[in-house]
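> These protein sequence lines map, in sequence, to chains A and B.
If you're matching positions, the first sequence starts at 4 in my numbering and goes up one per residue.
If you're matching positions, the second sequence starts at 4 in my numbering and goes up one per residue.
Hints were generated in silico from the structure; no laboratory data involved.
Fair warning: there could be bad hints in the mix.
Identical chains blur together in the list; that is why a pair holds if it fits in one copy or across any two.
[To be verified] Quick list of in silico lysine-lysine cross-link-like pairs, BS3-like style, CA-CA up to 27 Å: (1) Lys125 <-> Lys162; (2) Lys41 <-> Lys26; (3) Lys62 <-> Lys136; (4) Lys125 <-> Lys57; (5) Lys82 <-> Lys136; (6) Lys125 <-> Lys38; (7) Lys62 <-> Lys162; (8) Lys27 <-> Lys38; (9) Lys162 <-> Lys27; (10) Lys82 <-> Lys170; (11) Lys27 <-> Lys57; (12) Lys38 <-> Lys20; (13) Lys57 <-> Lys41; (14) Lys57 <-> Lys162; (15) Lys38 <-> Lys26; (16) Lys57 <-> Lys20; (17) Lys136 <-> Lys27; (18) Lys62 <-> Lys38; (19) Lys170 <-> Lys20; (20) Lys62 <-> Lys41.
All of these numbers come straight from a predicted model, not from anything done at the bench.
Protein chains: 2
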Amino acid sequence: MVFSSALLENAVNEFAKLPGVGKKTALRLVLHLIKQDKDVVERFGEAITGMREKICFCKVCHNISDSEVCNICSNPLRKSSLVCVVENIRDVIAIEATQQFNGRYHVLGGIISPLDGIGPDKLYIDSLIVRVKEEEIEEIVFALNPNIQGDTTVFYISKMLTDLPVKITTIARGIAFGGELEYTDEHTLARSIANRIPVGQYVISEH
Amino acid sequence: MVFSSALLENAVNEFAKLPGVGKKTALRLVLHLIKQDKDVVERFGEAITGMREKICFCKVCHNISDSEVCNICSNPLRKSSLVCVVENIRDVIAIEATQQFNGRYHVLGGIISPLDGIGPDKLYIDSLIVRVKEEEIEEIVFALNPNIQGDTTVFYISKMLTDLPVKITTIARGIAFGGELEYTDEHTLARSIANRIPVGQYVISEH
Numbered sequence: 004m005v006f007s008s009a010l011l012e013n014a015v016n017e018f019a020k021l022p023g024v025g026k027k028t029a030l031r032l033v034l035h036l037i038k039q040d041k042d043v044v045e046r047f048g049e050a051i052t053g054m055r056e057k058i059c060f061c062k063v064c065h066n067i068s069d070s071e072v073c074n075i076c077s078n079p080l081r082k083s084s085l086v087c088v089v090e091n092i093r094d095v096i097a098i099e100a101t102q103q104f105n106g107r108y109h110v111l112g113g114i115i116s117p118l119d120g121i122g123p124d125k126l127y128i129d130s131l132i133v134r135v136k137e138e139e140i141e142e143i144v145f146a147l148n149p150n151i152q153g154d155t156t157v158f159y160i161s162k163m164l165t166d167l168p169v170k171i172t173t174i175a176r177g178i179a180f181g182g183e184l185e186y187t188d189e190h191t192l193a194r195s196i197a198n199r200i201p202v203g204q205y206v207i208s209e210h
Numbered sequence: 004m005v006f007s008s009a010l011l012e013n014a015v016n017e018f019a020k021l022p023g024v025g026k027k028t029a030l031r032l033v034l035h036l037i038k039q040d041k042d043v044v045e046r047f048g049e050a051i052t053g054m055r056e057k058i059c060f061c062k063v064c065h066n067i068s069d070s071e072v073c074n075i076c077s078n079p080l081r082k083s084s085l086v087c088v089v090e091n092i093r094d095v096i097a098i099e100a101t102q103q104f105n106g107r108y109h110v111l112g113g114i115i116s117p118l119d120g121i122g123p124d125k126l127y128i129d130s131l132i133v134r135v136k137e138e139e140i141e142e143i144v145f146a147l148n149p150n151i152q153g154d155t156t157v158f159y160i161s162k163m164l165t166d167l168p169v170k171i172t173t174i175a176r177g178i179a180f181g182g183e184l185e186y187t188d189e190h191t192l193a194r195s196i197a198n199r200i201p202v203g204q205y206v207i208s209e210h
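Construct the entire structure; sequences and hints are all you get.
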């Protein structure tokens, strides 16, 4: 792309560095911002740089936070005895959106995946063990993606927790609500038959 | 979406205001920026706000510019007698990318479209007439999109220029290079038959 303005070119190149944003999209976004008032663009820029400058990670659960301890960990209304282990921040947001979980979190920062060179030492597993030993945690719920890496991680961490007095569970896996048996893959179907639940125990929603 | 951080929420909301960027994409982009170094994000923010702060429009051709007169208009190597009329800045970038045009531009800032409430008074048509009168322009090439609005605009402006000693042309319209007759719409095909060119006059490329 040939630009008649170095300022424009620079802004387009910066946008094009974002994942999934090509040069054409970047140009479209920059031309959109040029049409906006100066203070609107100022606010956009400051929201981004200010966020990066001030944001930190909760020292308890490693979730994104505005302060040393995030507002989920410091919330006295949430059960401190129940901890949900997730891979990343996006999963925290997804679970929070359900409004079905009232405990606290522990963000691993990834998942055990030897093929990608991610071993247990690269994840926040040690700090989870320390939390289980020091805090009064009664139950750890694993909410990891249902795949080989997720299962490996659950297996590894639960082995490390076997001698500690804590209940270990994992979120239910099975056929998604609204799904159809006919189109469900055989692994999911086979597992959901093997892990069948008595109808009386099946909870529709906690609220 | 529920966020544990007001800074994160603010940054996501600002990104989600951009055209074609939803909440999920905005979150992905923000989480990408959180992973980057602080000075990388600083540079991103400053490229955007600095661009909006300093950018202006060329007072001759209304193209985006870093100074009062853009570097295309002020380039002494470009033919000042040839002016290409385009709808917007994106079209300037598209034509510059071909490296086939060595004249200057005139950006209308839109196209006549009564249905969208855009009349000739909202476009930079008057300044084009002034340029034709005051500068030594020999030829005006219209490079507008080939549709009803584009044709209307060409017709309207060329009517206003009839008494002035200037040649008026339009970029060739016809079947795109690499296209197939079989799949070309009938309008394009009919027009390209009506406007057929003697083979001897057909120029493959100016360079």
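> Quick one: Lys125 to Lys38, C-alpha cut-off 27 Å, is that within a copy, between copies, both, or neither?
Between copies, since 15 Å is at most 27 Å while 45 Å is not.
> Using 27 Å as the alpha carbon limit, work out where Lys136 and Lys27 are close: within a copy, between copies, both or neither.
This pair counts as neither: shortest intra-copy Cα distance 53 Å, inter-copy 36 Å.
> Between copies, within a copy, both or neither: which fits Lys62 and Lys38 at Cα up to 27 Å?
between (42 Å within a copy, 17 Å between copies)
> Since the copies are identical, ignore which copy is meant and state whether Lys162 and Lys27 lie within 27 Å (CA to CA) inside a copy, between copies, both or neither.
The answer is neither: 50 Å in one copy and 35 Å across copies each exceed 27 Å.
> Is it within a copy, between copies, both, or neither that the alpha carbon of Lys62 lies no farther than 27 Å from that of Lys41?
Classified as between: cross-chain Cα gap 20 Å, same-chain 38 Å, threshold 27 Å.
> Can you give me the call for Lys38 and Lys26, within, between, both or neither, at a CA distance of at most 27 Å?
both (19 Å within a copy, 22 Å between copies)
> Measure nothing new, just compare the shortest in-copy and cross-copy C-alpha distances for Lys62 and Lys162 to 27 Å and report within, between, both or neither.
Within one copy only: 24 Å inside, 72 Å across.
> Should Lys27 paired with Lys57 be assigned to within, between, both, or neither, using CA atoms and 27 Å as the limit?
So Lys27 and Lys57 pass the 27 Å test across copies only (22 Å; inside, 31 Å).
> If the cut is 27 Å between Cα atoms, do Lys38 and Lys20 qualify within a copy, between copies, both or neither?
both (22 Å within a copy, 13 Å between copies)
> Is it within, between, both, or neither for Lys27 and Lys38, if the alpha carbons may be no more than 27 Å apart?
Result: close both inside a copy and across copies, 17 Å intra and 24 Å inter.
> Regarding Lys57 and Lys41, is the shortest C-alpha distance of 27 Å or less found within a copy, between copies, in both, or in neither?
both (24 Å within a copy, 10 Å between copies)
> Using 27 Å as the alpha-carbon threshold, which applies to Lys82 and Lys170: within, between, both, or neither?
Result: close within a single copy only, 15 Å intra versus 80 Å inter.
Hint check: violations occur at hints 9, 14, 17, 19; the rest are consistent with the structure.
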